[in-house]
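**Student:** Protein chains in written order, with the working numbering: chain V, 1 to 309; chain X, 1 to 309.
Simulated from the structure, these hints should not be mistaken for lab results. In this text, a Cβ means the ideal position worked out from N, Cα and C, and glycines have one as well. Check each hint, because a few of them may be wrong.
[What the hints assert, rightly or not] Going by beta-carbon spacing under 10 Å, a handful of chain V positions derived as facing chain X:
(1) HIS52
(2) GLY54
(3) ASP96
(4) ARG99
(5) ASN106
(6) LEU109
(7) TYR110
(8) GLU114
(9) VAL116
(10) GLU129
(11) GLY131
(12) THR157
(13) LYS298
(14) VAL301
(15) GLU306
Number of protein chains: 2
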Amino acid sequence: MSKVLVFGHKNPDTDSITAAISYAYLKRQLGMDAEAVRLGVVSNETAYALEHFGFEAPRFIEKAAPEASQVILVDHNEKQQSVDDLDEVQIIEVIDHHRIANFETNDPLYYRAEPVGCTATILNKLYKENGVEVPKDIAGLMLSAIISDSLLFKSPTFTEEDRVAAEELAEIAGVNAEEYGLEMLKAGADLSDKTIEELIALDAKEFTFENGLKIEIAQVNAVDVDEVMEQQPEFEAAIDKVIAEKGLGLFLFVVTDIINNDSIVLALGEQAERAAAAFDVSLSNRTATLTGVVSRKKQIVPVLTEALK
Amino acid sequence: MSKVLVFGHKNPDTDSITAAISYAYLKRQLGMDAEAVRLGVVSNETAYALEHFGFEAPRFIEKAAPEASQVILVDHNEKQQSVDDLDEVQIIEVIDHHRIANFETNDPLYYRAEPVGCTATILNKLYKENGVEVPKDIAGLMLSAIISDSLLFKSPTFTEEDRVAAEELAEIAGVNAEEYGLEMLKAGADLSDKTIEELIALDAKEFTFENGLKIEIAQVNAVDVDEVMEQQPEFEAAIDKVIAEKGLGLFLFVVTDIINNDSIVLALGEQAERAAAAFDVSLSNRTATLTGVVSRKKQIVPVLTEALK
Chain V
1 MSKVLVFGHK NPDTDSITAA ISYAYLKRQL GMDAEAVRLG VVSNETAYAL EHFGFEAPRF
61 IEKAAPEASQ VILVDHNEKQ QSVDDLDEVQ IIEVIDHHRI ANFETNDPLY YRAEPVGCTA
121 TILNKLYKEN GVEVPKDIAG LMLSAIISDS LLFKSPTFTE EDRVAAEELA EIAGVNAEEY
181 GLEMLKAGAD LSDKTIEELI ALDAKEFTFE NGLKIEIAQV NAVDVDEVME QQPEFEAAID
241 KVIAEKGLGL FLFVVTDIIN NDSIVLALGE QAERAAAAFD VSLSNRTATL TGVVSRKKQI
301 VPVLTEALK
Chain X
1 MSKVLVFGHK NPDTDSITAA ISYAYLKRQL GMDAEAVRLG VVSNETAYAL EHFGFEAPRF
61 IEKAAPEASQ VILVDHNEKQ QSVDDLDEVQ IIEVIDHHRI ANFETNDPLY YRAEPVGCTA
121 TILNKLYKEN GVEVPKDIAG LMLSAIISDS LLFKSPTFTE EDRVAAEELA EIAGVNAEEY
181 GLEMLKAGAD LSDKTIEELI ALDAKEFTFE NGLKIEIAQV NAVDVDEVME QQPEFEAAID
241 KVIAEKGLGL FLFVVTDIIN NDSIVLALGE QAERAAAAFD VSLSNRTATL TGVVSRKKQI
301 VPVLTEALK
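Please put together the full structure from these sequences, using the hints given.
**Tutor:** What follows is the structure, encoded as structure tokens:
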């Protein structure tokens with residue numbers, strides 16, 4: 001059997017990187033020649049988790065087809081978030097927790113999506129269903145993903161199933177989830193070594209609506225949001241470039257306060273006012289505060305999809 | 001909690017009808033107010049299975065939104081195969097074994113697809129995962145679906161997982177699968193009470209390609225294929241009407257010999273020659289024999305998708 005590449009989305013977050021590693025491991029135990037790879041730069045948060053549990057970052061790839069005919073997607077399904085040459089390979093599995101869109105196959109496949117907060121929660125089930133024990137170090141990675149996606153168990157995306165999985169995985173990994181999690185989030189919120197261009201690309205996702213409208217939503221976590229926003233003019237210049245290059249109708253830059261769980265958004269593009277109106281706020285100097293909003297997937301994407309479709 | 005409608009595809013086959021019944025039952029056991037409904041006429045084969053295990057056919061619906069805000073799709077995902085007002089309701093779950101296409105949601109959902117021969121095989125797992133026993137009569141329905149989708153365990157879509165599920169379900173249902181299965185297939189292959197229009201609509205599925213091409217593939221099972229083809233002129237007249245009404249580039253009418261496991265196809269529409277060429281056959285009087293071809297999903301749709309895209 002030839003090699004199968006396993007990867008999460010572009011601009012990978014901790015769930016995308018660790019899900020690729022954790023699921024490739026499971027598939028190897030089940031006899032598949034699976035290799036975890038990544039489609040982008042590893043964030044400081046993810047680097048912290050990888051180092052803490054003794055892993056190297058997966059290998060970066062730009063294209064899949066030159067080295068494999070089959071791939072497995074984790075933590076995403078939308079084509080524009082995936083590898084550029086996705087059309088040239090066969091998707092044999094998807095493990096995900098997002099909405100389904102811009103996704104199509106010629107053949108039946110294994111597709112497992114559940115409306116939970118993190119891919120790792122589904123992977124924890126798949127280990128059980130296949131009778132494979134989660135190794136201690138991989139349990140640490142999977143726990144890191146749940147902490148990351150739930151902002152330490154506080155996001156509205158965090159479900160009872162995520163809670164149960166996090167408890168089981170913390171037990172196996174032998175860590176105190178609260179203590180370890182805060183350290184990991186702080187490592188991720190240290191943005192001091194990032195350029196403006198990196199900050200707006202670090203965790204950015206593009207969405208295409210049926211009417212042809214393309215938008216991009218980038219999110220960073222911060223301990224001191226005001227400090228980040230001091231560079232607003234520089235962000236605007238960099239974002240305007242992206243808007244022009246990609247033909248976007250909206251770029252939303254979301255800076256999330258990991259202590260207070262609010263977000264400041266910087267909205268640029270011709271749909272900016274409509275986007276703000278969708279959240280019942282007005283833009284002031286192109287920014288607005290979204291109180292209690294921390295989840296792009298649950299609190300931002302559905303609102304914009306409804307408002308801009 | 002308000003009612004959730006559970007249904008298979010239009011022109012329902014035995015898997016679509018019985019999966020709706022079997023999954024709605026499981027969801028009710030788990031506390032959901034789920035009701036199985038259907039989007040089309042019950043076939044003779046399905047009627048035989050329902051009667052044998054003591055079920056009434058589910059209620060027919062034309063639209064979902066007037067009575068429910070949430071739905072569960074079984075045995076399909078493509079929009080054009082589903083209820084007409086699908087865009088007006090929320091799809092909260094999909095349980096399926098087909099390719100994924102023309103499917104999109106605004107929100108995360110539970111999506112469970114596996115590359116197996118029958119939805120019932122996946123449902124059998126879901127009963128186990130949820131710790132619910134399959135009742136005897138529902139086991140009979142689920143077994144009927146596997147027999148139907150696999151043409152009594154002979155289709156290339158039939159996997160090891162389907163075989164294991166069929167054995168377990170036959171045991172619970174207390175029937176001899178081979179004997180019961182042949183009777184059920186014969187009941188389905190009795191086409192004597194059907195009009196020409198009914199025969200070409202009975203198990204017809206429409207597919208839309210990215211380039212805008214629309215095709216329809218209808219399949220009937222028969223014991224005596226030649227007898228069915230005696231009415232070729234009448235079929236052609238009826239199919240030409242459908243092609244004109246729906247703007248199809250191809251209508252493929254597949255008559256499958258359930259004893260010898262070959263199919264005769266009648267190909268009409270401007271793409272007919274290209275379709276035949278995709279199978280390395282030439283049309284003679286607009287028909288061709290496809291030796292060993294019994295599965296629309298595995299042996300016909302992928303070939304046409306590749307050739308006509």
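**Student:** If a hint holds in the structure, say so; if it doesn't, say that too.
**Tutor:** Each hint, compared with the structure:
1. HIS52: 29 Å, violated
2. GLY54: 32 Å, violated
3. ASP96: With a minimum Cβ separation of about 8 Å from chain X (threshold 10 Å), the hint on V:ASP96 holds.
4. ARG99: Holds, because the Cβ-Cβ distance from V:ARG99 to chain X comes to roughly 5 Å (cut-off 10 Å).
5. ASN106: For V:ASN106, the interface hint holds, since the closest Cβ of chain X sits about 5 Å away, which is under 10 Å.
6. LEU109: 6 Å, holds
7. TYR110: 5 Å, holds
8. GLU114: 5 Å, holds
9. VAL116: Hint holds; V:VAL116 Cβ to chain X Cβ min 8 Å, cut 10 Å.
10. GLU129: 7 Å, holds
11. GLY131: Cβ of V:GLY131 sits 13 Å from chain X, so the hint is violated.
12. THR157: Result: holds, 8 Å to nearest chain X Cβ.
13. LYS298: Holds - the Cβ of V:LYS298 comes within 10 Å of chain X, reaching about 8 Å at its closest.
14. VAL301: 8 Å, holds
15. GLU306: Holds - the Cβ of V:GLU306 comes within 10 Å of chain X, reaching about 7 Å at its closest.
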